[in-house]
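Given only the sequences and the hints, what does the whole structure look like? Please build it.
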Amino acid sequence: MSLTPDLRHAVADLYAAYAACLDDGRYEEWPAFFTADGWYRVVARENFDRDLPLSVISLKGRPMMVDRVVGITSTIFHAPYYQRHIVGLPVLAVADDATIHASVNYAVFRTKRDMAAEIYNVGQYIDKIDFEDGKLKFKKKFCVYDNDLIPNSMIYPI
Amino acid sequence: MSLTPDLRHAVADLYAAYAACLDDGRYEEWPAFFTADGWYRVVARENFDRDLPLSVISLKGRPMMVDRVVGITSTIFHAPYYQRHIVGLPVLAVADDATIHASVNYAVFRTKRDMAAEIYNVGQYIDKIDFEDGKLKFKKKFCVYDNDLIPNSMIYPI
Amino acid sequence: MSLTPDLRHAVADLYAAYAACLDDGRYEEWPAFFTADGWYRVVARENFDRDLPLSVISLKGRPMMVDRVVGITSTIFHAPYYQRHIVGLPVLAVADDATIHASVNYAVFRTKRDMAAEIYNVGQYIDKIDFEDGKLKFKKKFCVYDNDLIPNSMIYPI
Numbered sequence: 792m793s794l795t796p797d798l799r800h801a802v803a804d805l806y807a808a809y810a811a812c813l814d815d816g817r818y819e820e821w822p823a824f825f826t827a828d829g830w831y832r833v834v835a836r837e838n839f840d841r842d843l844p845l846s847v848i849s850l851k852g853r854p855m856m857v858d859r860v861v862g863i864t865s866t867i868f869h870a871p872y873y874q875r876h877i878v879g880l881p882v883l884a885v886a887d888d889a890t891i892h893a894s895v896n897y898a899v900f901r902t903k904r905d906m907a908a909e910i911y912n913v914g915q916y917i918d919k920i921d922f923e924d925g926k927l928k929f930k931k932k933f934c935v936y937d938n939d940l941i942p943n944s945m946i947y948p949i
Numbered sequence: 792m793s794l795t796p797d798l799r800h801a802v803a804d805l806y807a808a809y810a811a812c813l814d815d816g817r818y819e820e821w822p823a824f825f826t827a828d829g830w831y832r833v834v835a836r837e838n839f840d841r842d843l844p845l846s847v848i849s850l851k852g853r854p855m856m857v858d859r860v861v862g863i864t865s866t867i868f869h870a871p872y873y874q875r876h877i878v879g880l881p882v883l884a885v886a887d888d889a890t891i892h893a894s895v896n897y898a899v900f901r902t903k904r905d906m907a908a909e910i911y912n913v914g915q916y917i918d919k920i921d922f923e924d925g926k927l928k929f930k931k932k933f934c935v936y937d938n939d940l941i942p943n944s945m946i947y948p949i
Numbered sequence: 792m793s794l795t796p797d798l799r800h801a802v803a804d805l806y807a808a809y810a811a812c813l814d815d816g817r818y819e820e821w822p823a824f825f826t827a828d829g830w831y832r833v834v835a836r837e838n839f840d841r842d843l844p845l846s847v848i849s850l851k852g853r854p855m856m857v858d859r860v861v862g863i864t865s866t867i868f869h870a871p872y873y874q875r876h877i878v879g880l881p882v883l884a885v886a887d888d889a890t891i892h893a894s895v896n897y898a899v900f901r902t903k904r905d906m907a908a909e910i911y912n913v914g915q916y917i918d919k920i921d922f923e924d925g926k927l928k929f930k931k932k933f934c935v936y937d938n939d940l941i942p943n944s945m946i947y948p949i
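Protein chains in written order, with my numbering: chain A, 792 to 949; chain B, 792 to 949; chain C, 792 to 949.
Check the hints yourself; a few may be wrong.
If chains are identical, the list can't say which one is meant, so a pair holds when it fits in one copy or spans any two.
[Unchecked claim] SDA-like mimics (lysine to any residue), calculated; alpha carbons at most 25 Å apart, straight line: (1) 930 with 797; (2) 931 with 837; (3) 903 with 917; (4) 903 with 842; (5) 928 with 808; (6) 931 with 799.
Since the hints were made in silico from the structure, they are not lab data.
Dropping the structure here:
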């Protein structure tokens, strides 16, 4: 498999749809962006660079993600906030086994009710993307963020 | 009409040119980004989500936009500021009538003279794009922003 | 030469790779993004618009860039910080001599150890891109930033 224009556009569409899903608050659709055995992890750059295992959150497999969504939407008590993702141009490569390796810079802005928008999380998605049932899905999605200091807690996916 | 690579690039070019026009301060060129009957509206997400009509600004048709530009450039008294748009990856679909539906995240940074840059407006363009005289133009451009709190007033288009 | 989809993707890849190089801190690879006689300049918008020569930094030719990298990595004493570039959609044109003219909005976020991320530099790349040894390189890269006020000093390239 090579980086054809069609594949590039499909990858760009995946990132755009992922951001729109989260920013619209359609959290119940979020696990479907991953393969069945997908791994979602949010980790500070400092830990990631040193290969330390500590993460803010690490979910392996869609069932764990579905569980997290239940937490977000019905269990966890938190002040609501809006997220807004701005995703940059991706650095892409295709591995021998047809897995797409993508790294993409992102900035997530947060807006709380009656407050100004603020920088919430900036970093890099370091992802592996595979086809599952003919659709591109994240087999691995690491959100490696620069800012060790997370304002309040992190409720919604990044 | 389908989402060919050429059409995708033309849409990306439209958004890039739109941002450059505003950030360069070429406001007199701004109405030409819309169809003759185009609708430009800036609305808080809270109002938009509840289908409430209240907007910060709502201009229907190019003449109203031209009028607004006269206001911006010669009538309204305000402290000057720079705008800088960062526009994300678009979510695109083509409707039966060949209209392109686009939603695109944006962040606008504002810099006032001798001040630090700040987050001015973050949100989502929810747009309909049509061909007019062989060029892509906005038939509808809704700037749905997350931050209810607008720092000072909004002078320039978003 | 015309703006084929392949050329567009190559330009997007160049910008994505440039940002990744800097954000990863691989400064020694940075000069190779320029042609041998490339010109890198960081200039305030106010000066640029008035055609004033004053720049924060202006490096002509790869040797000056290599020298700067030595400064960054071994000579200059400074508190470390992370950079994160978000690069927008490019406005592209191809000149008669096959040079690509690109202008692209960017926002650079900075994160200092144990601090929140902040807006560091926002502006526009105004670039000329040429082929050298079959690869796209910057013949000219002007980083024209909106915010006259630079928080602390500027150590790393923008």
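Q) Which earlier hints can't be squared with this structure? A) none
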